[in-house]
Amino acid sequence: MLLLAFDTATPAVTAAVCQAPEGGGPQTVRTAAATSSVDARRHGELLAPAVRDVVAEAGARLADIAHIAVGVGPGPYTGLRVGLATALSLADALGVPCHGVPTLDAVAYASGRTGPFIAASDARRKEVFWARYADASTRTGEIAVDRPADVDTGGLPVIGHGAALYPAELGGGAVDASAFEPLYPSAPALGELALRRLLAGEELEPPRPLYLRRPDAVEPSAPKKVGQWKA
Amino acid sequence: MSRDDLPLVLGIETSCDETGVGLVRGCTLLGEDVASSVEQHARFGGVVPEVASRAHLEAMVPTVRRALDKAGAAPSDVDAVAVTAGPGLAGALLVGVSAAKAYAMALDVPLYGVNHLVGHVAVDQLEHGPLPKPAVALLVSGGHTSLLLVEDLATRVRSLGDTVDDAAGEAYDKVARLLGLPYPGGPPIDRAAREGDPGAIRFPRGKWGDGTYDFSFSGLKTAVARWVEDAGRAGEDLPVSDIAAGFQESVVDVLTRKAVDACVDNGVEHLVISGGVAANSRLRALAEERCAEAGVELRVPRPKLCTDNGAMIGALGAEVVAAGLPPSRLDLATDTSLPVTQPLAP
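Same order as they appear, the protein sequences are chains C and Z.
In terms of UniProt numbering, the first sequence opens at residue 1 and continues consecutively.
In terms of UniProt numbering, the second sequence opens at residue 1 and continues consecutively.
It is possible that part of the hints are untrue.
As the list claims (entries may be wrong) - Derived list of chain Z stretches under chain C, where covered just means 3 residues or more per stretch with a C-beta under 8 angstroms from a C-beta of chain C:
1. 36–45
2. 60–67
3. 89–97
4. 220–230
Said to hold, decoys possible - Under 10 angstroms between C-beta atoms, here's a sample of chain C residues computed to sit facing chain Z:
5. A40
6. R42
7. Y77
8. L84
9. L90
10. L210
11. L212
12. R214
13. V226
The set of hints was computed from the structure by calculation and includes no laboratory data.
Predicted, not measured: the structure shown is a model, and the values here were computed from it.
From the three backbone atoms N, C-alpha and C, an ideal C-beta is built for every residue, glycine too.
In isolation and in its complexed conformation, chain C is listed as follows (with noise of 0.2 angstroms):
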């Protein structure tokens, strides 16, 4: 069974078919091509070329995939959409199911860490958007946005781009900014996180994007006044 995955809720692209033989359990998947490249400016133009791409390196059409899981952020919005849309388009041209992955798990799941710590990544506004976890694979609260001073890090390590961006205060005095790796989600982990939990009967979320902030728009006041202009 394959699954295509990608995300394009951060400043990186990434996309990889993963895949497991009939009737493997989750311990047998494994990802059998993936892309990754970072560049916050190009998502719409990268995005769509690089799924051709996986998928053509794992020796698969379309057609053969079974599975689309998403990123679903939180991230910039713009870069946020083009995955989604990409996501929700192309499932419902395969007559495929398409399912959400919060792009924080996807980067908490490729740390491979087996203890408690904090995945946050880059929200502009100097916030970033973060999570707990207890490990690797199990997020123990909601994501939240906020500013980084204001995170209640409880002393745990944090990892992922917020933390690299604001080491002063998540860094718990790292110098080395290995410290915060992986900085982006990959699609390897997102994928199979994604079909592990498939195979072991677990319900994905829903392809929803979470923007956890309204979007910027207030009321027009009274209109400008034009008189003085006047001769």
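Position chain Z against the provided structure of chain C, taking the given hints into account.
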């Protein structure tokens, strides 16, 4: 080639606040559907890009499905996908282009990134048949006011003139707000103007007789604002109908005069008026009058096809396929200011 041999083109439009999908074969519209987020923008007095982008993502697949149902088609019947690559709002365009790439990849058919503005002209073919060559097109909407010389929809479109400041539809929205009328401003001003005297208040005509095909509406909007403030200061009741009629007359007078001049000056016998403002009753009436005087044949698509929709993108896609132009690559980029001279995005 018989009509059924022509490719079935799936057109996708998400440049502003309408998620539009149309299925087109040649000059025939087989089915279309539009999901609009206009009500979510109304209280902000204009389109909020982030609100529009969120709505596009939610509406995208359901709108494709409804359009396919109306056309009695299955996804596997689609021969090509066309999508608005620009101009438009960046985040909004990206939703449609991402979806279009996915459908094209999954259905294994070619993808064409096309120009929203040229789509507004191409849509007329779905109503009135093949467009005579050459034709002049006046595009008037909330985001655009352009005069085009269209020699070939797929390959040769020239810009004759443009607004130098506000789009005509934008002026309608701003004046509606000054008059306490709802957003979008076009329909309520059109309604109010029917009760008013267009000659009661004479507002200025921007760039009137300046020898160009360009437009300007920001001075007109300021003149209305000044009139409204003066009336308020004098404690007078606002003659909303007369202001609406005077404002509308100024807009449509300049639009129709320059459009007809562009036809006459270029020896062109066909004028297409399209875009959301083409639904305006006074614009249609005055354009008919002036075209008849000048011996120009006027083509205005029905209002549903004038506003943003997917059928227009399917119609242009069908032209681009018929012209044998090369498909877009999967790394097709959106272009928020794609020039009208490029019917097919580079």
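Outcome of the hint check:
1. 36–45: Three-residue rule met by the region 36–45 of chain Z, so holds; n is 3.
2. 60–67: holds (count 4)
3. 89–97: holds (count 6)
4. 220–230: holds (count 5)
5. A40: violated, 13 angstroms
6. R42: holds, 8 angstroms
7. Y77: holds, 7 angstroms
8. L84: holds, 6 angstroms
9. L90: Holds: closest Cβ of chain Z sits about 4 angstroms from L90 (chain C), inside 10 angstroms.
10. L210: violated, 12 angstroms
11. L212: Not OK, violated: L212 (chain C) not within 10 angstroms of chain Z, min 13 angstroms.
12. R214: holds, 9 angstroms
13. V226: holds, 4 angstroms
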